[in-house]
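Asks: Respectively, the protein sequence lines represent chains P and U.
Under the working numbering, think of the first position of the first sequence as 70, with each following residue one higher.
Under the working numbering, think of the first position of the second sequence as 70, with each following residue one higher.
Do not rely on the hints blindly, as some may be mistaken.
Intra- or inter-copy, both count: the list cannot distinguish identical chains.
[As the list claims (entries may be wrong)] Okay, derived cross-link-like pairs now, DSS-like style, lysine-lysine, Cα gap no bigger than 30 Å in a straight line:
#1 116 with 149
#2 355 with 294
#3 564 with 651
#4 614 with 259
#5 561 with 98
#6 651 with 388
#7 388 with 305
If you're looking for bench data, these hints aren't it; they were derived computationally from the structure.
Okay, here's what each chain looks like letter by letter:
Protein chains: 2
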Amino acid sequence: MPSYNAPIRDQKFVLNEVLNVAQLTQYEKFAEADTDTMEAILEQSAKFTSEVLAPLNVVGDQEGCIRHDDGSVTTPTGFKEAYKQVVENGMMGLAHSPEYGGMGMPGVWHIAAGEMQSAANMAFAMYPGLTNGATKAIEIGGSEEQKQTFLPKMIAGEWTGTMNLTEPHCGTDLGLLKTKAVPQADGSYKITGQKIFISAGEHDMSDNIIHLCLARIEGAPAGVKGISLFIVPKFKLDEDGNPGERNPVSCGAIEHKMGIHGNSTCVMNFDEAEGYLIGEENKGLKVMFVMMNRARLDVGMQGLAQSEVAYQNAAIYAKDRIQGRALTGPKNEDGPADPIIVHPDVRRMLLETKAFNEGARALVYWAALLEDLEHVHEDEAFRQKCDDYLGLLTPVIKGYLTDKGMQTTIDCQQIFGGHGFIEEWGMSQFVRDMRIALIYEGANGIQALDLVGRKLARHGGRALMTLNGEIDAFLKENGDNENLSEFMTGLKDAKTKLTEATMWLMQNGMTNPDNAGAGSVDYMHMMGLTSLAYMWGMMAVTAQKAIDGGSNEDFYPNKLITGRYFVLRMLPMMDAHLAKIKTGAEPLMALEAAAF
Amino acid sequence: MPSYNAPIRDQKFVLNEVLNVAQLTQYEKFAEADTDTMEAILEQSAKFTSEVLAPLNVVGDQEGCIRHDDGSVTTPTGFKEAYKQVVENGMMGLAHSPEYGGMGMPGVWHIAAGEMQSAANMAFAMYPGLTNGATKAIEIGGSEEQKQTFLPKMIAGEWTGTMNLTEPHCGTDLGLLKTKAVPQADGSYKITGQKIFISAGEHDMSDNIIHLCLARIEGAPAGVKGISLFIVPKFKLDEDGNPGERNPVSCGAIEHKMGIHGNSTCVMNFDEAEGYLIGEENKGLKVMFVMMNRARLDVGMQGLAQSEVAYQNAAIYAKDRIQGRALTGPKNEDGPADPIIVHPDVRRMLLETKAFNEGARALVYWAALLEDLEHVHEDEAFRQKCDDYLGLLTPVIKGYLTDKGMQTTIDCQQIFGGHGFIEEWGMSQFVRDMRIALIYEGANGIQALDLVGRKLARHGGRALMTLNGEIDAFLKENGDNENLSEFMTGLKDAKTKLTEATMWLMQNGMTNPDNAGAGSVDYMHMMGLTSLAYMWGMMAVTAQKAIDGGSNEDFYPNKLITGRYFVLRMLPMMDAHLAKIKTGAEPLMALEAAAF
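Given only the sequences and the hints, what does the whole structure look like? Please build it.
Replies: Below, the structure written as structure tokens:
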């Protein structure tokens, strides 16, 4: 059975040494988020995820969720109890507002804990994850009364939450959605329609489920300008605010999926269910998108998380599995064969994964830190910079980290040979679970379009210009360090190529938007690689400083070795992406649709 | 439910127009393989695969195979009947020797029919596929008596076959195998041991199952030099040559796999089962490897086949699914949205798949033709060339076509958005089934090592030098055709870079074999891309000739458009692979094993 051990040394390295997240404690909002307290939470989470959640991962995959004739849903053995532990450990409220019972932990620490949950058991982690999203949406857009009514219970974990967006005929294009909302005399609405792919839509873990649902109020404009957001609880609340009468919103079916079997992905039927408008009429997407941007960071983190757990198990296997001999002669002479980790190609797959994971971890945590700083930093220009960077990085983190994480997870499965294909070994599940992350919260192609079509050009390209300036300053500051020359050269080269791609897209996307669309995914990967090159630059500087400072910990030289792999063996992809972008749309658009 | 329609127009293009396989009829062995006869068989196969096998694909996935307490195995509903149809249609003997009841069809036509079966239902196709392999092994290595005893029934499809190689502790490294064979007074052997991952190891389709099993005769040398090959029938034969007494070889368990659920992948227990030595003692691997080389072409073909069926369904979906608007303004103004095929990125995924598939098809068929010619051509130098090319191309076809086919199949799944993750839509199954093709018959990393470590240097590098010369001649012949300049430039450039990589590996692999190992998979991909560039060159020449000859069929200009995509958007990967190769082994070997 596969195992998971939170990579807590590396997490602390990024959090404390590279990003210095302790800087947050200078702000009142995060004054209590000192390193000791936060690390204690991480340690507790590490223990819980490896001991409780990881062993339930295969169980969830094999049992799946069961819908009964009355529409109720049973989650896999142990999930309910594990969720109870999450609640009892106070983990549901970690990142939420103290005003409603939360702990107000910085998002950057929270995402580190979230990485552990997702790695240990992605299907399980989605139950609290969706609840966090729904809670956040109410925090952002709800009235004070709505907040008072729903947040304390959700933050305590007594009630869970969901997001109801997709309908059978519309996913990406929410403007087509048909679910309708009819205003009632008491100010509530009756919601009618069908939603699909609703994660955690129905289950047996909580006393109530708070559905957030996009619907169109009767008479609202067509398209995206007529969409409103509603709170639709599974049980309406009685006078004391406790779950009372059943609301007619129910699970019509559970989807049979490639992965995340332990999460109940439901078809949800709303039959004149009572709903409460969040914020203004027809402005539902605004709230939803604020919430979704954070959710996209979380999905990018899932890409890292599956890649991490796949890596851990593949590394164990590669050191354990005895098969064949090293090309340079036996390394395990007394044994019948050498462990397969002696083979350069096995190491290639492991290092590709390790170098990606560690770079991705830094990038996700950095983005989460920027989000924290955006809320507390005293300087408006700095806050604006945080917002700019997040706009730019969010689609990259979602799209690139899941695209690349899929590849690395498949590579890790490959290391197991035939055993990788056998479910009992667990590697197949990582691949199958991972697969959804490329699709949900906006398919990766949509992320790339968001990046190229919106984020890049926003405010005259300010975000990327600022980031480029920051990288230039970093290169100037560290360019003289001979030990780090490969890192600096790699980063500089990546930045130059990214700039060339950006210029090409700017010039050619104007004349024909299809030129931008045709290069969008390649560009997203270039930005991903460049971001990781920057992260590796920062990490290399930190590691080198520790070495120069006399540290004997192997962690630091190993960090540099791993980073060198990234620079030498992963950055060459930049050229291929650039060349593809520069071919433009014509080779893609020339074929008549009928000829496909 | 997904569908499959054999791409028969494209298959005929490759077979008749590009490769001119009718040339085979000039040789006595294939005198009856005229185009009309062969095409009639393809048409019949097309009908059978789309109408019978394709609808059973999902059934096989959902039901899987069931092992009963007595060790017997039931295949999914409809499989047994479909196999009966295969037999009744005379398809089992298509490629086998007429001497034992086969039809003696050229391998190149046979692989075209095989592509259809694998695309429609990979799990099913493996039952006849394994039987073909076992039949071939007996044809190659068996005594005349063994041939007379087993071949007629296997070629008639009454008996099926299997290959028993892998054991729990050894897959790649067969030298470690422990299954033992004890000589008996009557010349037979008693075979004892456990084999795993035995495809089609037990089932309900045939009257007997002829297991080919690798084992070590008592007292044989250790390692690969002490391995012998045995025939072990499920039922021993009575005096009339019919299945009689049960031989103690049985299915101990069925593996739970990521995909190909419809194929019974068995743990096989040999408990002093009666076996008959094939060929000489301790020379079992020789026969096995001849057979496996053909099997590797078939696995490469599976990569193409899954990518093809995934493509077909994704293309249908992309033209059908209405969502969002084209970047350049509405294309379906009267509808609520445009079909998603208007988007460059959707087209990118489709074209990447289509251009790969069509190139891969030409490459696999070409290799199969070379194999046919190797057996019949009058000129020894030509036969030697065929053998050289096959040595070089076999690992590339197996490794590159399945690596790349995996990516394209995942891309096709991506086009379905959320529906791609739902099993009912069938795209998940293509990905899950496909996955094994990167692993079995020698994992792709092993293919790459075979290519770089053995095939490249054989006979002083003769194979690649000859192939390069052939490509040079082709470029010279077609270099003046302005319509084809992109194809010729692309091919020339690819060849130049491949040569640079080859030189680097030759020079640096000598001093340190790990340098060769570290670049092996990248090199395999470079050779795959260059081979496809050559195929696309040939296809472009053929298509252009048809256009110049006045053909009005859209097929030809569309072929050129698809090929242009390959040249402009897929060949840029050459640079990335080359750069990675040239970093050598050091970045991979620097990390201590304990640090992974």
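Asks: Of all the hints numbered above, which does this structure not satisfy? Sort the numbers upward.
Replies: 4, 5, 7
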